[in-house]
Amino acid sequence: MLLTRLKAGGPAIAKQGILVAFIVFMIAFSLMSDRFLSADNIMSVFRQSAIIGVMAIGVTIVVIGGNLDLSVGSMLSFATVLVVDLHDKIGPELAIPVMVMATLCLGAINGFLIGILRLNSLIVTLGMLSAIQGLVLIYSGGQNVDIVDQSGTWFAIFGRGAMFGIATPIIIFGTLALIFHIIMTTMPFGRRVHAVGGNPTASVFSGIPRSHVVFMTYLISALCVAIAAIILGSRVMGSQNNVGQGYELQVLAAVILGGTSLLGGSGSILRTVLGVLMLAFIQNGLILMGQPYYTQRLVTWAVIIVAVWLDVAAKRGRLFSPIA
Amino acid sequence: MQLFSENPLLRWLMRNPIWGFVLIIFIFFSLSADNFFNERNLMNIVVQTSTIGLIALGMTLVMINGNIDLSVGATLALAAAFAVDVQSWAAFATWGNWQILPAVCIALLVGILMGAINGFIVWKTGVDAFIVTLGAMLGIRGLVFVYTGEQSFYAMNFAYSDFSFMTIGPFPVLAVIFVIAVLAVHWLLSRTVHGRNTYAVGGNREAAVNAGIRVGPHMMVNFMLIGFLAALSGVLLSTQMGAATPNLGRDYELWVITAVVLGGTKLTGGKGDIIGTLGGVLAIGILRNGMNLMQVPAFYVYVILGSILIAVLFLDKRFNRAENGGLRL
Chain A
1343 MLLTRLKAGG
1353 PAIAKQGILV
1363 AFIVFMIAFS
1373 LMSDRFLSAD
1383 NIMSVFRQSA
1393 IIGVMAIGVT
1403 IVVIGGNLDL
1413 SVGSMLSFAT
1423 VLVVDLHDKI
1433 GPELAIPVMV
1443 MATLCLGAIN
1453 GFLIGILRLN
1463 SLIVTLGMLS
1473 AIQGLVLIYS
1483 GGQNVDIVDQ
1493 SGTWFAIFGR
1503 GAMFGIATPI
1513 IIFGTLALIF
1523 HIIMTTMPFG
1533 RRVHAVGGNP
1543 TASVFSGIPR
1553 SHVVFMTYLI
1563 SALCVAIAAI
1573 ILGSRVMGSQ
1583 NNVGQGYELQ
1593 VLAAVILGGT
1603 SLLGGSGSIL
1613 RTVLGVLMLA
1623 FIQNGLILMG
1633 QPYYTQRLVT
1643 WAVIIVAVWL
1653 DVAAKRGRLF
1663 SPIA
Chain B
542 MQLFSENPLL
552 RWLMRNPIWG
562 FVLIIFIFFS
572 LSADNFFNER
582 NLMNIVVQTS
592 TIGLIALGMT
602 LVMINGNIDL
612 SVGATLALAA
622 AFAVDVQSWA
632 AFATWGNWQI
642 LPAVCIALLV
652 GILMGAINGF
662 IVWKTGVDAF
672 IVTLGAMLGI
682 RGLVFVYTGE
692 QSFYAMNFAY
702 SDFSFMTIGP
712 FPVLAVIFVI
722 AVLAVHWLLS
732 RTVHGRNTYA
742 VGGNREAAVN
752 AGIRVGPHMM
762 VNFMLIGFLA
772 ALSGVLLSTQ
782 MGAATPNLGR
792 DYELWVITAV
802 VLGGTKLTGG
812 KGDIIGTLGG
822 VLAIGILRNG
832 MNLMQVPAFY
842 VYVILGSILI
852 AVLFLDKRFN
862 RAENGGLRL
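So the protein sequences, as listed, match chains A and B.
Going by this note's numbering, the first residue of the first sequence is number 1343, and it counts up by one from there.
Going by this note's numbering, the first residue of the second sequence is number 542, and it counts up by one from there.
Please keep in mind that the hints were generated in silico from the structure rather than gathered at the bench.
A virtual CB, placed ideally from N, CA and C, is assigned to each residue, including glycine.
Heads up, a few of these hints could be off.
[Said to hold, decoys possible] Okay, the calculated bits of chain A under chain B, using three or more residues with CB under 8 Å as the criterion:
(1) 1515 to 1525
(2) 1629 to 1642
(3) 1646 to 1660
Bound-form chain A, shown alone (with noise of 0.2 Å):
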């Protein structure tokens, strides 16, 4: 019945799955909580997914890119230290490109490698997620650190502001989602990722800086990272050491759930977006319901692999793998 259904109106639908996943999601939740669909509540849910959608955007174009970057977790660590910490020291205007700079130093690494060197990216980005943390905990000497003066400092503007009555998280993670996607859909640029993402060997062959572009998607993946860092240390006011832990792997799973493919070539920012904020939606319709914050994992356990099924399903025709 599903397979049939997958083989007809396949394609089309298939595309369409995550966005149809959200309506179902967001139709279910609405009528079993009705704070749900509160103006209040969407907003607060944006807000709260801003961070994670910044870093997702830019993981989503190394992924496009055909690689992987699990480092952006310990950098966001990195980053988040740094700016705050420096807040009081030099005082925000500094404090920001300095820290900006910093981080896309780490990003430089990890695009020198991935990209010039042509080493293997999962293992790569695996080992500067253990030598950045690291590096974290030498600069803080494992101190968590935090800014005296909290109300009286403009840098509160980037988490805590608001703009026309919308917070300033919503603000920067739409402009970034958006100018990301028209680099991606309409420039060369776009178009040279989702070609050293798709085929490297045939990108080579026509003439596409392939070192060139996948160091540019590292360098992209550390100034989300970046941006999400003034965002996370403008809201808290302070800094963990070890802040960004896992933030990789929800990252991941955001990226995944948006149908962008491992393999690279394929993926657009705007289904990250989608794949963002449906976790975002899950976790909030679920605490609405009353249920405790975890119960999130276990259907984000099912929708990932669902929807990674049924996208593989459709492109294969068929429902189960093949394979005796």
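Following the hints, put chain B in place on chain A, whose structure we already have.
This is chain B only, laid out in the frame that chain A set:
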């Protein structure tokens, strides 16, 4: 180069660079850290290594298959929670010290079950193991929280926590279990049909299918093995602590993968062995222990390990590529 190819020991080291590294840091710490080179500390290293080491044995099988398992840390925590909690079930209240037996059995079965779920999904859906086990990592950790209600469990039966202090002759029982597991998995991988199939499936899945290997069930068995080993590791860890916390084993999957990759197992499958993996886990264990004794803050271990991981990858690419005509890691 001439010299390298003639001396069998050097040639072996060329193929297993991690053991060269283990040797170097072993000598280094023996010379520079007091209390490193004595029997007690060396046993200590083996015991400390066994937690990650047991899982790494299973991960080697799964990675030679061309799969990966990110859910091992969560499985470890779930098994530890069962092992400690089941002891206090009313059904076993009158069993005395024997109540530990059903607890451990149930914990190990839970581990095998989690592995079976992962393996079955990978087999039937054809979804990449990375994605399946990434989901399972979140999900099984969720199960841990559901089961424990975010509480830590403490072992009421002291025989349970005494177990980790037991010795067989001069050797701690935990070290003996680890060594037996290493030998068993090494035998499985190098002397049995299942082991040969493991390499075949990872080396060329299509050829393995054509050769009549039932690839799906085969991979599922390996996932069950890693589930079992992760659960065993969780049980042993909980005997050491006399407790099980819901956050137990966080990030272990990353340590384990690091160890296995250091040992020369290829992510693309088809290549790797237990000897290398043992070198990988010992490298991590010796490094952590030695730096601890030298009172270097634990932070530096992360940086060093990360750098070594990348360096090994780089050297492997430099040397092995020319030799084997384009190995892909």
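Results of checking the hints against the structure:
1. With 0 residues having a Cβ less than 8 Å from any Cβ of chain B, the region 1515 to 1525 of chain A misses the three-residue criterion, and the hint is violated.
2. Three residues within the 8 Å Cβ limit are the bar, and the region 1629 to 1642 of chain A against chain B gives 7, so the coverage statement holds.
3. Coverage of a stretch by a chain is defined here by at least three residues with a beta carbon nearer than 8 Å to that chain's beta carbons; for the region 1646 to 1660 of chain A and chain B the count is 7, and the condition holds.
Of the numbered hints listed earlier, the single one contradicted by the structure is hint 1.
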